[in-house]
Amino acid sequence: MTELSAPFDISQPAISKHLKVLERAGLISRGRDAQRRPRRLEARPLAEANGWLESYRRYWEGNFGRLDAVLEELKGQKKRGRSKR
Amino acid sequence: MKDSGALKVTARSDREIVMTRVFEAPRNLVFDAYTKPELLKRWLGVFGGYSMPVCEVDLRVGGTYRFVWRGPDGAEMGVRGVYREVVRPERLVHTEKFDEAWYPGESLITTVLAEQGGKTTLTVTMRYESREARDAVLKSPMESGVAQSYDKLAELLAAGGAEKARR
Numbered sequence: 004m005t006e007l008s009a010p011f012d013i014s015q016p017a018i019s020k021h022l023k024v025l026e027r028a029g030l031i032s033r034g035r036d037a038q039r040r041p042r043r044l045e046a047r048p049l050a051e052a053n054g055w056l057e058s059y060r061r062y063w064e065g066n067f068g069r070l071d072a073v074l075e076e077l078k079g080q081k082k083r084g085r086s087k088r
Numbered sequence: 005m006k007d008s009g010a011l012k013v014t015a016r017s018d019r020e021i022v023m024t025r026v027f028e029a030p031r032n033l034v035f036d037a038y039t040k041p042e043l044l045k046r047w048l049g050v051f052g053g054y055s056m057p058v059c060e061v062d063l064r065v066g067g068t069y070r071f072v073w074r075g076p077d078g079a080e081m082g083v084r085g086v087y088r089e090v091v092r093p094e095r096l097v098h099t100e101k102f103d104e105a106w107y108p109g110e111s112l113i114t115t116v117l118a119e120q121g122g123k124t125t126l127t128v129t130m131r132y133e134s135r136e137a138r139d140a141v142l143k144s145p146m147e148s149g150v151a152q153s154y155d156k157l158a159e160l161l162a163a164g165g166a167e168k169a170r171r
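Chains as they are written, first to last, in the working numbering: chain G, 4 to 88; chain V, 5 to 171.
It is possible that part of the hints are untrue.
To be verified - Once the Cα atoms are required to be at most 30 Å apart in a straight line, the calculated BS3-like pairs of lysine-lysine come out as:
#1 V:Lys45 - V:Lys12
#2 G:Lys81 - V:Lys12
#3 V:Lys12 - V:Lys40
#4 V:Lys123 - G:Lys82
#5 G:Lys81 - V:Lys45
#6 G:Lys81 - V:Lys123
#7 V:Lys123 - V:Lys12
#8 G:Lys82 - V:Lys40
#9 V:Lys12 - G:Lys78
#10 G:Lys78 - V:Lys40
#11 V:Lys40 - V:Lys123
#12 V:Lys101 - V:Lys45
#13 V:Lys12 - G:Lys23
#14 V:Lys45 - G:Lys78
#15 V:Lys12 - V:Lys101
#16 V:Lys45 - G:Lys82
#17 V:Lys101 - V:Lys40
#18 V:Lys45 - V:Lys123
#19 V:Lys123 - G:Lys78
#20 V:Lys40 - G:Lys81
These are calculated hints, taken from the structure and not from any lab test.
Full structure from sequences and hints, please.
Next up, the structure:
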């Protein structure tokens, strides 16, 4: 706990509270040795949550990349239209 | 969440997905690209051999739209909905329902375009009927690469590698 709270500018009780939330969500687990209670990151659920958003985002990135090209063309048409007038 | 490119996608509340993206164009052009069939056909879902042979838009409150995509093997996917709000060039609200429902119920999609200095920030909020529906939309074959990299991170942390690396 001391090690985990060191990089953050918040109190140890606050860190403890955050850890409990993460633990309840299954995102970290708690180990045990003589003096310490090392926390372990449970990567699988995090990866799953990110995986969903990731593939969804990739689909829209593709759409918006094509939309960028369409918009460039429309901007060009607009300019040409204006210079004709 | 990583922010590669300018696109941000977040799952907000239990039933919503929110996307934001900045475009280097004034919003009337973005609005056109979102509502004119000849433009929609060129960017929305047309990749990997898919084209959009049917694209009909009746752009008025209570008007409907109908899109059908066709894949290289002839497979078709169709969607339809009703426009609830049409405020050119800043706001569009419409419903969405796929022919073959891959998520339960109907969703409500709000598209907002804000322009500043010739650039347009697009914010799309997709609201689903339930959390299950939203999750079905987000859920797709898991990216094994992502999972693997997280597994590696977990191993590293377990071995205390990250802690050592910080020192």
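Verification of the hints:
1. V:Lys45 - V:Lys12: Holds, at about 24 Å.
2. G:Lys81 - V:Lys12: Cα-Cα ~29 Å, so holds.
3. V:Lys12 - V:Lys40: With Cα atoms ~25 Å apart, lysine 12 (chain V) and lysine 40 (chain V) stay inside 30 Å; holds.
4. V:Lys123 - G:Lys82: holds, 16 Å
5. G:Lys81 - V:Lys45: Within the cut-off at roughly 20 Å; holds.
6. G:Lys81 - V:Lys123: holds, 16 Å
7. V:Lys123 - V:Lys12: holds, 16 Å
8. G:Lys82 - V:Lys40: Between lysine 82 (chain G) and lysine 40 (chain V) the Cα gap is close to 20 Å, so the pair holds against 30 Å.
9. V:Lys12 - G:Lys78: The given pair, whose Cα atoms are some 24 Å apart, holds under the 30 Å limit.
10. G:Lys78 - V:Lys40: With a Cα-Cα distance of about 16 Å, the restraint between lysine 78 (chain G) and lysine 40 (chain V) holds, given a limit of 30 Å.
11. V:Lys40 - V:Lys123: Holds, at about 20 Å.
12. V:Lys101 - V:Lys45: holds, 18 Å
13. V:Lys12 - G:Lys23: Cα-Cα ~29 Å, so holds.
14. V:Lys45 - G:Lys78: holds, 18 Å
15. V:Lys12 - V:Lys101: holds, 24 Å
16. V:Lys45 - G:Lys82: holds, 23 Å
17. V:Lys101 - V:Lys40: Answer holds: lysine 101 (chain V) to lysine 40 (chain V) is near 20 Å, not above 30 Å.
18. V:Lys45 - V:Lys123: holds, 23 Å
19. V:Lys123 - G:Lys78: holds, 12 Å
20. V:Lys40 - G:Lys81: holds, 16 Å
Figure legend: structure checked against the earlier numbered hints; every hint is met.
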